[in-house]
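Peer 1: Spelled out from the first residue to the last, the chains are:
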Amino acid sequence: GDSVTQMEGPVTLSEEAFLTINCTYTATGYPSLFWYVQYPGEGLQLLLKATKADDKGSNKGFEATYRKETTSFHLEKGSVQVSDSAVYFCALSRAGNNRKLIWGLGTSLAVNP
Amino acid sequence: DAGVIQSPRHEVTEMGQEVTLRCKPISGHNSLFWYRQTMMRGLELLIYFNNNVPIDDSGMPEDRFSAKMPNASFSTLKIQPSEPRDSAVYFCASSFGGRDYNEQFFGPGTRLTVL
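Residue numbers (this note's numbering), protein chains in the order written: chain R, 2 to 114; chain H, 30 to 144.
Treat the hints with care, as some may be off.
[Unchecked claim] Heads up, simulated BS3-like pairs for lysine-lysine below, C-alpha to C-alpha not over 30 Å straight-line: (1) R:78 to R:50; (2) H:107 to R:101; (3) R:61 to H:53; (4) H:97 to R:57; (5) H:97 to R:101; (6) R:101 to H:53; (7) R:57 to R:69.
In case anyone wonders, no lab produced these hints; they're calculated from the structure.
Sequences and hints are given; from them, build the entire structure.
Peer 2: As structure tokens, then:
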């Protein structure tokens, strides 16, 4: 069945470091791909999305490119801030079932000043 | 817009007691989701509704769990009887599901502790 695999955390970085969080997926058809972020004590919120191959989603300095050939959607940011400390979730929506999301386990990021 | 509203924010109860979690989705949204989040299992979809009708409840752990959506502005998740392994954060999310995918908006969650 469809699945999402994220790199395990926690990830600890210094402020202004480069961030990559890996995400790969298994799915039939052409899913849409998402990154959600969960700040401490809050619910999840959409960070960015890409709905077809080679699309790049971007928001708040974060980027991810939908790579169908490698079935990946890695999250990157060039210079992280302390305020980026959160848990990041990769997810996909199945083609033809656009309401249900398949979630990765989440990757915790801690950014130190 | 107030966003998705959940109550209570925290619930502590004893094993065997009934627990009811409540959710008010964003006005105009027609899909509602209940999730459970734990360190061990991550984020799990329990059930989702579309236009107040349960579409997929395959994630509901067992008969002790039940969910209802009597109208477009209210949903409940009930656990009866509760067990310590039910301790988790329960999230409600809503979306407006058109032809294409639409963003899910999450509530702040209810932290449930079953002693």
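Peer 1: Take the hints in turn and mark each one as holding or not.
Peer 2: Cross-check of the supplied hints:
1. R:78 to R:50: 15 Å, holds
2. H:107 to R:101: Distance of about 21 Å is within 30 Å: holds.
3. R:61 to H:53: 29 Å, holds
4. H:97 to R:57: 38 Å, violated
5. H:97 to R:101: 18 Å, holds
6. R:101 to H:53: 19 Å, holds
7. R:57 to R:69: 12 Å, holds
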